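**Student:** Keeping their order, the protein sequence lines are chains E and B. Take the first sequence: its letters are residues 1349 to 1671, numbered as in this note's numbering. Take the second sequence: its letters are residues 17 to 442, numbered as in this note's numbering.
Hints were generated in silico from the structure; no laboratory data involved. From a predicted model like this one, the values you see are computed outputs, not experimental measurements. It is possible that part of the hints are untrue.
As the list claims (entries may be wrong) - Straight line, CA to CA, 25 Å or less: simulated SDA-like cross-link-like pairs of lysine to any residue:
hint	chain 1	residue 1	chain 2	residue 2
1	B	K240	B	S300
2	B	K312	E	S1611
3	E	K1403	B	E128
4	E	K1600	B	D291
5	E	K1421	B	P203
6	E	K1413	E	I1432
7	E	K1460	E	I1488
8	E	K1421	B	I125
9	E	K1664	B	D95
10	E	K1460	E	F1407
11	E	K1421	B	A193
12	E	K1403	E	I1471
13	B	K97	E	M1666
14	E	K1588	B	Q319
15	E	K1664	B	Q319
16	B	K312	E	K1460
17	B	K302	B	A159
18	B	K312	E	T1451
19	E	K1600	B	A193
20	E	K1460	E	T1487
21	E	K1421	E	S1465
22	E	K1588	E	A1571
Claimed, not checked - Quick partial rundown of chain B residues pointing at chain E, CB under 10 Å, derived from the structure:
hint	residue
23	D101
24	Y144
25	A173
26	R310
All residues carry an ideal CB built from backbone N, CA and C; glycine is no exception.
Spelled out, the chains give:
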Amino acid sequence: MNAIPYRKAVRADLCKVTPRWNIPLLIAVAILMSPLGSRAQVTTFAGVVIENTCKAQVFEPEDQKWHVLVSPKGSHRPLIAGEILKCGSTSGSLTLLDSQTYTTISGMQTHKVEVSSVLNEVIRYAEPAFTRGESPVETIFSSPPSGGTVEPERLVVRWRPPAGIGEVTLSVAPESSDLNLFESGRFEASSAAFDSQELRDALATYRDRNGFAPLVLRLRDAAGHEYRVSFSVLTPPNQKRLVQELAEWDAKDGLVRHLGRASVYSDFGLYSEAAAESELALKESPKSSILLQLAASAERRTGNLPRAYELESELKQMSAKVQ
Amino acid sequence: MKLLIGLVITLGMWWLAKWVEEKHFYFGTQARELVYDVIQHGLGTVARQNLNVIVVDVSDVGWTPRKDPNQPREYDYTDRKQLRDVVMKIADQSPAAIGLDIDFTPYPIQLEDDDEFLACLLARSTGYRESADSLANGPLSPACFSTPNHYVPIYVATYTSLALGPVYALERPEYSALAAFAGAVIPSQYEAPRRMVDTIEIRYGLPGSGSWVVNSLSVAMHPKVQQNSLANIPGVAESISLAPHNEVPATEFYVDYGSIDRIEATTVASASLMDPKQPQIVNSLKGQYILVGRGKGTTDMDQHNIPGRLDRRYSGVYLHACAIYTLDSGPLLALLLPRGRLVLDLSLFLLIFGVVELTIFARKRFLQAQTRAGVLHLVVTVLVVVAAIVGGIYLAGSFRIMWDDSLFVAVGLIGHAVIDHVFTHD
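Between the sequences and the hints, there should be enough to build the whole structure, so can you do that?
**Tutor:** Printed below as a string of structure tokens:
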């Protein structure tokens, strides 16, 4: 984990325990914390294909493979910084615009998409303040949810066993440390769950000692494959606020209660609990398209993609019937 | 003598504040930030009743998972058909303008969906009709066409794609009319992000060739920018400042974040726009500035700190909403420059000095007081400094003036009172 998200996590934690009116404490926090650039990761759109007459190919740094460059005539296929382009045939050429320059390549020539100085300056000058689609981090874990929060006392680790996985070990460590808080013995991954009081105790101790750095849970098999998920532990002040906010909804009727509780859990990053509440809300009114949508998005957030797909397909069927 | 010492202290503190400002010292900058924060809190208490800005949260709009067979990336984005329905529902209510705080930088796997969506926005915004042949999915939905002369200005967020210029920034050159810049200024070291972009100039071509001036999302939606009259006097105050970036010349303005919690509290979920059981929402958008975006952040993306609120972070859509609220609240906020601050600093000193001397005179003349003059001086000074801070908030709320070195001068004047307390023997 790099320094900025870590410092942001620390700051967020400190901030949550700071009463709004407490100006002297604010000063102390301000003095302790240097300003943090919350620069979000965005795809750097750095150029476009102007014309492709040579069955061009694109090398994607993410999977280190060459792919066919799909750029129908008349459409300016966007190019992302770091992509490498080449012509797939000896005839024809590929013309593109990047770095404020038009470039034409042919034959065996390659071209790496570069960021222009103007684009660099835009990124250095301003940070994104908008919504942009983001894919859920690919993970086999549904609990703890990726990037979410857990209450140590209630944690049961759950995952979708990848094909062919055998015996595994499970460990948990702070992201910035190699020192494990917990390490299990070998067990069969096909069980799809790990319910351990020892793990819960280790996380509770970590929390009680004011551990606030995010944690990484690793599942390793004998062949050396590693599956990991990052998560945080709910801090005591947040736990107190959570109880208070949940209590406000507990007085309400069934559906409203579940929706309110789901929203509170989600605000605290307790996505598994939020998904469970969304499912309970859906049970109250199974034909509601809005509730189906909410439950699907909550399940998607926890990484439980099969259930999310199931709910989405149900939603599609309902829409088709209505039309 | 006391007057002379006081004047020297006031001038000294003014100079110190100016020096700290120039040198960007950590503690000094933090002290100024603190005053700025207090003023921002104060602005919340004087915010007007009708904010004229409404955020429509699209967290409840479905996300379309796409797997491009030719790309390794899986990428989710708000379902464009659902989003179109939401935007058209809003447009039906004749708002003053609609801004989509969703980045429309073209992405290979969503070109077709975005093309159709942007064509729909352009039609609703200007009446311009793309030919059905040129759209991959055929003719646009009838919802995209309003009655003639009933167009609603609509803008979409763009960011990195602007660097490619108006022809390629949004798939088709004609869509550049919808483009607005949605970045938030990254503040200097130790400073909170006080400003938002007014306009940004993109020199997209070869060196020496043309440039494209793009409005920020807030300025595009609310183009009537009222200058603060104080800012017209050179060296006294500034309301629009130049960003120190040569490659992307930009202008910025100070944002009033005082109403952010109220804007957040009045956020409308997009699903409720479709709900006939909620007529109070359905009929509430006329004449308002509507920002459509994700109100709830589930990841670190698009989460921002603002001045005066270290206890939490806000989604970017609320930053734009505050920027629009600022533009809609009359003259822009003006930050006092050294010359302007000197006038107010000296006025504050003379006010305190006058009140203290008057009190001492009154005590000697009318009372058989037991209190020593030094103690009295200290008490009165503290009271007047508190009054000055309240006055500072009033200045910001009523005259849109931000006086952020008053803390320095206040500290200096309390020091003056302490010296007086120690050395006065009467």
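**Student:** Each hint needs a verdict: does it hold in this structure or not?
**Tutor:** Comparing the hints with the structure gives:
1. B:K240 with B:S300: This hinted pair holds, its Cα atoms lying about 23 Å apart.
2. B:K312 with E:S1611: With Cα atoms ~10 Å apart, K312 (chain B) and S1611 (chain E) stay inside 25 Å; holds.
3. E:K1403 with B:E128: 21 Å, holds
4. E:K1600 with B:D291: 21 Å, holds
5. E:K1421 with B:P203: 43 Å, violated
6. E:K1413 with E:I1432: 10 Å, holds
7. E:K1460 with E:I1488: 33 Å, violated
8. E:K1421 with B:I125: 16 Å, holds
9. E:K1664 with B:D95: Between K1664 (chain E) and D95 (chain B) the Cα gap is close to 13 Å, so the pair holds against 25 Å.
10. E:K1460 with E:F1407: 9 Å, holds
11. E:K1421 with B:A193: 24 Å, holds
12. E:K1403 with E:I1471: Roughly 33 Å between the alpha carbons, so the hint for K1403 (chain E) and I1471 (chain E) is violated.
13. B:K97 with E:M1666: 16 Å, holds
14. E:K1588 with B:Q319: OK: K1588 (chain E) and Q319 (chain B) at ~24 Å, within 25 Å.
15. E:K1664 with B:Q319: Not satisfied, since the Cα-Cα distance of roughly 32 Å exceeds 25 Å.
16. B:K312 with E:K1460: Judged against 25 Å, a Cα distance of about 37 Å means the pair is violated.
17. B:K302 with B:A159: 18 Å, holds
18. B:K312 with E:T1451: 42 Å, violated
19. E:K1600 with B:A193: 48 Å, violated
20. E:K1460 with E:T1487: Outside the cut-off at roughly 30 Å; violated.
21. E:K1421 with E:S1465: Roughly 29 Å separates the two Cα atoms, so the pair is violated.
22. E:K1588 with E:A1571: 43 Å, violated
23. D101: Interface hint status for D101 (chain B): violated (12 Å vs cutoff 10 Å).
24. Y144: Violated, about 19 Å.
25. A173: 4 Å, holds
26. R310: 4 Å, holds
When the structure is compared with the earlier hints, violations turn up for hints 5, 7, 12, 15, 16, 18, 19, 20, 21, 22, 23 and 24 and for no others.
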